Each structure stands twice: as C-alpha cells, then as structure tokens.
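Number of protein chains: 2
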Amino acid sequence: MIPTRAQRPLGALIVCLAALAACPAGAVDPLPSWNDTPAKQRILSFVAKVTNEGSADFVPPEARIATFDNDGTLWCEQPMYVQLAFALARVKTLAPQHPEWRNTQPFQAVLEDDMKALVADGKHGLAELIAATHAGMTSDQFEEIAGDWIAAAKHPRFKQLYTQCVYQPQLELLDYLRASGFKTFIVSGGGIEFMRPWTQRVYGIAPPQVVGSSIVTEFQIKDGKPVLMRLPKVNFIDDKAGKPVGIGQHIGQRPILAFGNSAGDLEMLQYTTGGGGARLGLLVYHNDAQREYAYGPAGGLPDSKIGTFPQSLMDQAEKSGWVVVGMKDDWGRIFPFDPQ
Amino acid sequence: MIPTRAQRPLGALIVCLAALAACPAGAVDPLPSWNDTPAKQRILSFVAKVTNEGSADFVPPEARIATFDNDGTLWCEQPMYVQLAFALARVKTLAPQHPEWRNTQPFQAVLEDDMKALVADGKHGLAELIAATHAGMTSDQFEEIAGDWIAAAKHPRFKQLYTQCVYQPQLELLDYLRASGFKTFIVSGGGIEFMRPWTQRVYGIAPPQVVGSSIVTEFQIKDGKPVLMRLPKVNFIDDKAGKPVGIGQHIGQRPILAFGNSAGDLEMLQYTTGGGGARLGLLVYHNDAQREYAYGPAGGLPDSKIGTFPQSLMDQAEKSGWVVVGMKDDWGRIFPFDPQ
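Protein sequence lines correspond, in order, to chains S and A. For the first sequence, full-length UniProt numbering assigns the number 1 to the initial residue and increments by one for each residue that follows. For the second sequence, full-length UniProt numbering assigns the number 1 to the initial residue and increments by one for each residue that follows.
Among the hints, erroneous ones may be present.
[Claimed, not checked] Taking lysine to any residue and the SDA-like style, the derived pairs with C-alpha atoms no more than 25 angstroms apart in a straight line are:
1. K225(S) with I237(A)
2. K233(S) with I237(A)
3. K233(S) with G299(A)
4. K240(A) with M137(S)
5. K225(A) with M137(S)
6. K233(S) with L231(A)
7. K240(S) with K240(A)
Hints are computed from structural coordinates only; laboratory data are not their basis. Just so we're clear, the structure is a prediction, and the values are computed from it rather than from any experiment.
Using the sequences and the hints given, assemble the complete structure.
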C-alpha cells in the first residue's frame, strides 16, 4: 500500500483487529498472494466488520455489493487494452473482404502496423474501428467471434493467453468476497459484450453481473430467427461519471466496496464511498516494471494514455482514505502462471 | 391452459412424463396453487427435462435464465397500472407546492379525479406526469418515496396492499424455478427504480435482476454528496421490441423460459423460444372476473388498454406452442390473502 497520512495512524490497530477477527490462529489465509501489508489488513478488517452481525458496521448479505474495474484492475491493460488488440486483429481478419481499407484510415494504419498514424487518427478513428469490427452482426455472432478470439489470443510480452494475464491476488479477493456473502460485479469502460463470453470462466462473474460500455442493439427477425442486431452507434460509455450511472442502471444498489486503477474509476469510488456506513475504496497502482508494468505520473512513473493515474487521483485517495495498492509491495504474486 | 391445436395431441403424454419425472409418489407438490391441468404439467415437464443431466434437453445452471413480466403477470394490473396510481397519488401530495396545477393539464385532471380528461391528454400528459413525479430528485430519494408509498398503498377493489395483490401461483413458480437452479429476472415495461425497492421482499428478486424502463440519471456531487440525479428525460422503454434489448443489456444471455401476459411481451417470448434447445414461453390470460379481472379480445372478453391480449397474440401462442395459462381454470388460488 502506498501509505497516505489518513491511513497511517490506524494501521497498527487495524492489523490487530483484523488478525483477531478475520485470521484466527490456524485459519487458512484467504489472500495468500497478498503480502502482509496494511493494504491486505484494510481489506481483511473491512470484510470482518461488515460480515460480523455483532458489529455496528454489519451489512446484510443482500447489500454486500462489490464492483471491480477490469482493465488494469483485474487483468493487464498494457501495452494496449485487450479489446483494442481484438479490434486490430479483427481488421486484419476482415481485410480481404475490404480492399478499400488498404488506402483508408484508420484501417491502413492497422494493416501496416503503423501505431503512430493510428493514434494521430484519434477518437474518430477508434469509433470507425469499433463500428467495423463490433457492429453489423448479431449479439450471438459477436459472442462467438469474441469468445473464439480470446480463447487463443496471447499477450505479446508474457506469451500467455490474455485470460491468463489476470491478477492472482484479485482472483483470490473475488473468491474471498463471494465466500463472505458479497455479490461481485465488473464495472468497466470496456465493451459489455466483449467481456461476457469469458468472465464466468475467468473471474467467476456471470454475464448479468458485468457492466460495461455498449453499442445500440435492435431486435429483428432475421431469416426467421429472432436476434439482437448490433448497430454502429454508441449506446452507453461506462467510464468516469458513466460508471455510477451504469451501476445505477444495472445493479440498482450503491456498492460498499469498489476497486479501480485509474482516473476513469474516480467517480465510481466517490459514489461507493460516499454512501453511509462502512465503505472501502481501493486502487491498483502499477509500479512494478519488472513483474508487470510501471506507469502513473502520480508516483513519478512514465505517463500512460492507458490507465492514467494522475496526481489528482492520488490526492483524492489520500483525502478519502482509499487504499492505494502498490503492485510491487502489496502483491507477492502477480499472475497465476509462473514468471518466465 | 387455453388449449391450442399444437398443444392438444401432446397433452396426455406430457402429463404422464411430468408425473414420472417431477412428481415421484409422496413428493411435495412445488406448485400447490396450480390446478392439475396441462399448463402445470407443461411447466413441471420442462423443468424436469432441463435439470436432468441425463436428458438431451439438459441446460447447465448458469444458462437457466427465466424472465417474467411484472404488470399482469406477477401482480394485478387492473384497474390501472400500480405505477400510474403512484404517479397520481404523488401529484396530489405535491399539489400544494404547485398551485398552477389547478389550471394546467394533465395535473388538473388528476386533482379533480377526471380520468376522462386525463385519457384525452394522452401520451403527452403521461410524460408530463412522469417528469413531475419521477424526476428532479436523487435515486436514493426516489427509492425512499416509492418504497414508502408502496408500503402503505392499497388496491381499490381488494383492499389489500398492492404488494399483496401478487399471484400466489407465480410466487410458487418463482420459488420452484430458483430451487431448480434458475436465475429469475423481472423484465417489465414498468420503471426499474419503481420496482427495485420491493422486489426482493415480495418476489425474492434482487435489484440487479430487475430490468425495466428508465429515465436518464446523471452523476453529481450535490451538497458534497455523490448522488445520481434523476432527469426528466426517457432513457429506455423496456416494452415490446425493447424487452429483448433490455434482456441483452442487463442479462446478456438468452432466457430459456419467459412468462408474460400481453402484446408487450410478444418479442420477449419470440426471443426466448427462438433460441436452440428446450425453451418455454408462457402467457397469463385474465379470464376470471370473479376472482380477479377478465379482459382480452382474443377470448371474446372486453378489450383493455392495460395488458392488451389481442387475437394476433393468441394466434402466435398457438403457432409457437406457448402455454396460455387461463387464470380461471389453471390457478386454484389467485392471491396470497383469503378472498373477502
């Protein structure tokens, strides 16, 4: 944990309390990949108090809602969002049917692996890529396309399936929360239908508990079959101030725990910890270039357009008592696979 | 069940199969308020086959999704939608703060109990009523307002709380499905935030499993508190072709069982039963004026603007093998309370 002023005075007391409440002698550690630091103790202590019926902070199971960002919080988001890698791969797959793409941006940039030109094309280019690769088919077809791709696609550095490049400490935390009566949700800026084909298998999170960005779908009878057709039009962006809105729409309850890793998660953490009673806000801080990546100007690390963690977020975390989980010190293990 | 040609030949066989598979001698009847008719047997037989691992129609628990319309399917929708009764009551409560309403439609009509003028004002009037009574407060405030009202408001004919005017056979069916590994969802044209405060208590359906119509909400920091503010603007209408879209957005899985009662449920039943494998579509038919209400031109009953069941829906039910549950013959009991 990156210690903040607000957290230091309570640290020792919380360690004792959590040790008493959540880790009786001989009990199995529910979070073995978490180092024994204040971050871990804050989590154990929080879960202990909200699940203890005798505690003033007790929360009944039906209100134990925990929301997790996905990119950079549950799985690796560098060197690019996995969904962007999917979109780029999809352009290459579809290119033979679109000869015009060889001379049209942003497709030409993708086909020539010219990331500089792609970035120069900006948001407009991204929207065109999404429309060309994520729309024009039924939801069932897209589920199959995305599911097939993710079943085989590998991370360029770790040479493992992307779905293996998930954080082992977070898998343990999700299990621990569910074993403690929590319902766990993903609340991600990523595409809701890109995630749903595999979140049950990878995170134990069923499709209805995935909240994300979406494009418009339309009910149609196509060749006699009732389908949802995906249209090239944005429906909802589940990022920043959209995250509490997405939570309101999909969950209808204010979470008591939220875990993010970037400026896109600020409002979700504000909304979560701004409710009454016991609340816990957490942020992954990527400061481990050796085992994963190190980025975030708040810690004097290189800036990144992906998963930006600005100084203002660090300030807000300190002010609000959110736990900043430093990957380097707080996590004993990063991925389920053994490092190469 | 209103027998249709498609269902008749199989009736006797299904009764036998279901009796063997789902009701072994001495077992407790999971649906005691359902008469022993083909409708009940269709349900028992369906659940038996999708839960039997040895069956060709076996469906794993994570894919056992059942969706229920609310108004007219789970609770009484006559003489008017409960949410409309809420809106009208709310206008009267708020009237002292709005002296101008005494001379402005549709408010004047509400305050003077002039239903004829209200109906004449049509959709525009309804939109104004919703804006005045459902927007301009936070989601938390609306939850409290709706929750407080529903805790006390009574049905004009049955003199019971609206939340008591729910169908006992459906409460048993929801329990039976959940005991059989199903996830149960509401997919209603009603307001999502109007239903969520009480669906867990009344139906055992948690807020995240409620899909409904919604207005736009916006994340705001108000008086230092992070809130979702409700704006007077429609976000989504979860009716007709909107129901499969709402299912796609919220559930992300095609249901295997859907239960409705009106033309607004047609597309949900098409979408549900149009998937591969075993599927069951059901419709409540309100033909019991003595114990509840009788309406629906398809059966030669009076037409109703609420819960319309046209001949075209009856035709589609027959063509598709959907079960039409006739309240009069298929349900031994209607409500949890004893009739007056």
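Hints and how they fare:
For the hint linking K225(S) to I237(A), the alpha-carbon distance of about 23 angstroms falls within 25 angstroms, and the restraint holds. Of the supplied pair hints, the one linking K233(S) and I237(A) holds, its CA atoms being roughly 18 angstroms apart against a limit of 25 angstroms. Restraint check for K233(S) and G299(A): the C-alpha separation of about 42 angstroms exceeds 25 angstroms, so the hint is violated. For a cut-off of 25 angstroms, the pair hint linking K240(A) to M137(S) stands: about 21 angstroms separates their Cα positions.
Only pairs whose Cα atoms come within 25 angstroms are accepted, and K225(A) paired with M137(S) is rejected, the gap being roughly 42 angstroms. Of the supplied pair hints, the one linking K233(S) and L231(A) holds, its CA atoms being roughly 23 angstroms apart against a limit of 25 angstroms. A hinted pair counts as satisfied when its Cα atoms are at most 25 angstroms apart, and K240(S) with K240(A) does not qualify at roughly 32 angstroms.
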